[in-house]
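Fit chain B to the given chain A structure using the hints.
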Amino acid sequence: MPRRRSIFPSIVNAAIFILMEIAALNLLSRNSSLQEIWIAQASHKFMGAVWGGSQSIRSYFTLRSENEALAAENHELRKRLMEISTSTDSSVQLTGDTPYSFFSANIVKISRNKQHNYIIIDKGSENGVTDRCGIISSKGVIGIVDAVGPHHAFALSFRNADVSISARLGNEGAVGPLVWDGRSSDGAIMKEIPLQYKYHPGDTVYTSGYSSIFPPDIPLGLAGESRVINGATNEIRVKLFQDFSSLRYVTVVKNNNAREMEALER
Amino acid sequence: MRQARVDYDMAYMILVVSQLLVCNYLHVSPYLMLSILPVLVLTIPIRVGTVGAMIIAFITGFAVDILAEGLLGINALALVPVAFIRRPLITLLFGNEMFSREEDFSVHKNGFFKVFVAIVSVQALFLVIYIWADGAATRPLWFNALRFGVSLVAGVVISLLLIDTLAPDDKK
Numbered sequence: 001m002p003r004r005r006s007i008f009p010s011i012v013n014a015a016i017f018i019l020m021e022i023a024a025l026n027l028l029s030r031n032s033s034l035q036e037i038w039i040a041q042a043s044h045k046f047m048g049a050v051w052g053g054s055q056s057i058r059s060y061f062t063l064r065s066e067n068e069a070l071a072a073e074n075h076e077l078r079k080r081l082m083e084i085s086t087s088t089d090s091s092v093q094l095t096g097d098t099p100y101s102f103f104s105a106n107i108v109k110i111s112r113n114k115q116h117n118y119i120i121i122d123k124g125s126e127n128g129v130t131d132r133c134g135i136i137s138s139k140g141v142i143g144i145v146d147a148v149g150p151h152h153a154f155a156l157s158f159r160n161a162d163v164s165i166s167a168r169l170g171n172e173g174a175v176g177p178l179v180w181d182g183r184s185s186d187g188a189i190m191k192e193i194p195l196q197y198k199y200h201p202g203d204t205v206y207t208s209g210y211s212s213i214f215p216p217d218i219p220l221g222l223a224g225e226s227r228v229i230n231g232a233t234n235e236i237r238v239k240l241f242q243d244f245s246s247l248r249y250v251t252v253v254k255n256n257n258a259r260e261m262e263a264l265e266r
Numbered sequence: 267m268r269q270a271r272v273d274y275d276m277a278y279m280i281l282v283v284s285q286l287l288v289c290n291y292l293h294v295s296p297y298l299m300l301s302i303l304p305v306l307v308l309t310i311p312i313r314v315g316t317v318g319a320m321i322i323a324f325i326t327g328f329a330v331d332i333l334a335e336g337l338l339g340i341n342a343l344a345l346v347p348v349a350f351i352r353r354p355l356i357t358l359l360f361g362n363e364m365f366s367r368e369e370d371f372s373v374h375k376n377g378f379f380k381v382f383v384a385i386v387s388v389q390a391l392f393l394v395i396y397i398w399a400d401g402a403a404t405r406p407l408w409f410n411a412l413r414f415g416v417s418l419v420a421g422v423v424i425s426l427l428l429i430d431t432l433a434p435d436d437k438k
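Residue numbers (the working numbering), protein chains in the order written: chain A, 1 to 266; chain B, 267 to 438.
In isolation and in its complexed conformation, chain B is listed as follows:
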């Protein structure tokens, strides 16, 4: 259990640093906003409550905002709602037993489809807020919609690749 937590913490730190590198050096297109932060918040261990998850999300978002090029506060603004809906979303998709047993979800235990829906949900929420705040009502709707669509697809694909690392199956 302790080893698993150390592994998770390590993976979390490494992925936050990866996100910093992506933000600073990977500028492929103005339509692509690649972020793995939503899936990081989604996979925060179940035993961490909503308030704890929101604090972690705020600090993570703030750290990325400070250390990467960008608007200070925008990642924190978009990431805290992900932490806020994390518990209701997990309850809705995976059931309330996850919390009573303090058992983290995984693709093997809960199925690919449910995990996929959870990732799409948090990624979409994050991107809506991020793109909305970044545009500040100055960009046309088609630009925001295209940016949202491209970023959502890219973010979900990257998140699915990382999900086994962040939420491994306990029985493995």
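One chain only, chain A, in its complex shape:
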């Protein structure tokens, strides 16, 4: 039966080897100023590399908390921005309300390979999330909350054949529904654009604000080629800014006036 080789003697050998080499280097540096400078420079480089490497490793392992802090800061800034922009809106000033609330959230589950994709986030009713809240990121619209539990919420992803959002071409262009193209992770189609509206490929597509879910002017993507449907409207391909294959941190947006708007619609 073969004997198992222990690693212990190798460690002892390596330790003694390193000690002897350090002793020899010490002797060398004490007896020659040229070698002393050379060894000092080499040791500084080595220590710099070790410290730099350990700092990089430490930074890598704190990325998650850094990201969460940035997401929280991001949603706070978005909230303040919305407060500032609505302060010039006379109707809101009359009521004194802020129309939108924002909550940062993490995606805990996401489906990507179906026609009816969904998302589950780690914020629920206890965090103020309700159904019909929107989910956005810094790069566009992610989905719409459909069901809410105490600690989690279930949302229909924008990459869901049943989801359609109101979008606008450019700052003052035509408005139409934007839906997922059903194939790619960053492709969408903007429908029902009247033929008389001119646009240029590369124009930015924004949320229109004509909904009780999403605020206006969230950049969604870039307009691409178009085709005429039934000789009456244009259908424009849109390349989304948000790639759904790399998605983790999102912001939940809640329209505080949604109930009132929906009641009026009825």
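In case anyone wonders, no lab produced these hints; they're calculated from the structure. C-beta: ideal position from N, C-alpha, C; glycine also. Hints may contain errors.
[As the list claims (entries may be wrong)] Restraint-style ranges between C-beta atoms, simulated for each label pair:
1. B:P354 - A:S54: 24 to 34 Å
2. A:A15 - B:S284: 26 to 36 Å
3. B:Y291 - A:V50: 36 to 46 Å
4. B:A390 - A:E36: 23 to 33 Å
5. A:S10 - B:D430: 28 to 38 Å
6. A:A42 - B:A411: 12 to 22 Å
7. A:T62 - B:N290: 58 to 68 Å
8. B:F378 - A:A15: 43 to 53 Å
9. A:R64 - B:A390: 44 to 54 Å
10. B:H374 - A:F8: 32 to 42 Å
11. A:T62 - B:N362: 19 to 29 Å
Just chain B now, kept in the frame of chain A:
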């Protein structure tokens, strides 16, 4: 066995003294650094372990550094790695049986080529460290490379001449 060990110890001492004389009195060229210390460490008997070989190498290098003109610590610095890789090198070239049988290698038993490769390996390792530390990043690469090449050839030739004395064939 005992006689062989006495013979080896005697040969080792004589060759270390020879190395001292070479270091002190034989300055042929700045490109030539003649050293037989690597082959001395390579031929330390197999029964001496790696730690023992490293201690012998350190003491030998230190003795040459103190008694010869030169930088204190430089021979010890270059010689200890030779002792550190001695066992893996012998295992690689001559097989692990050398250690299980505690049998020393020789040109007759293991063949000239393998012994030659072993000598070149230890000599090259020793010279790389020695020339690197001696130059302390102040000498141009071509100088170091030329010094390495000339010293390697000279060191290997001298070592091959001494190998039969240091690692004799047991069956002789």
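Here's how the hints hold up against the structure:
1. Between B:P354 and A:S54 the C-beta distance comes to about 30 Å, which sits within the given range of 24 to 34 Å.
2. In this structure, A:A15 and B:S284 meet the distance hint of 26 to 36 Å, their C-beta atoms being roughly 33 Å apart.
3. Look at B:Y291 against A:V50: about 44 Å separates their beta carbons, and that is inside 36 to 46 Å.
4. Restraint check, B:A390 to A:E36: a C-beta distance of roughly 27 Å satisfies the suggested window 23 to 33 Å.
5. Distance hint for A:S10 and B:D430: a CB-CB separation of about 32 Å, consistent with the stated range 28 to 38 Å.
6. As the Cβ distance of A:A42 to B:A411 is approximately 20 Å, the hint placing it in 12 to 22 Å holds.
7. Between A:T62 and B:N290 the beta carbon distance is about 59 Å. The supplied range of 58 to 68 Å therefore holds.
8. In this structure the hint that B:F378 and A:A15 lie 43 to 53 Å apart at CB is violated, the actual value being about 36 Å.
9. Checked against the hint of 44 to 54 Å, the C-beta distance between A:R64 and B:A390 comes to roughly 48 Å, which is consistent with it.
10. Restraint check, B:H374 to A:F8: a C-beta distance of roughly 36 Å satisfies the suggested window 32 to 42 Å.
11. Evaluation of the 19 to 29 Å hint for A:T62 and B:N362 yields a failure: the beta carbon distance comes to about 47 Å.
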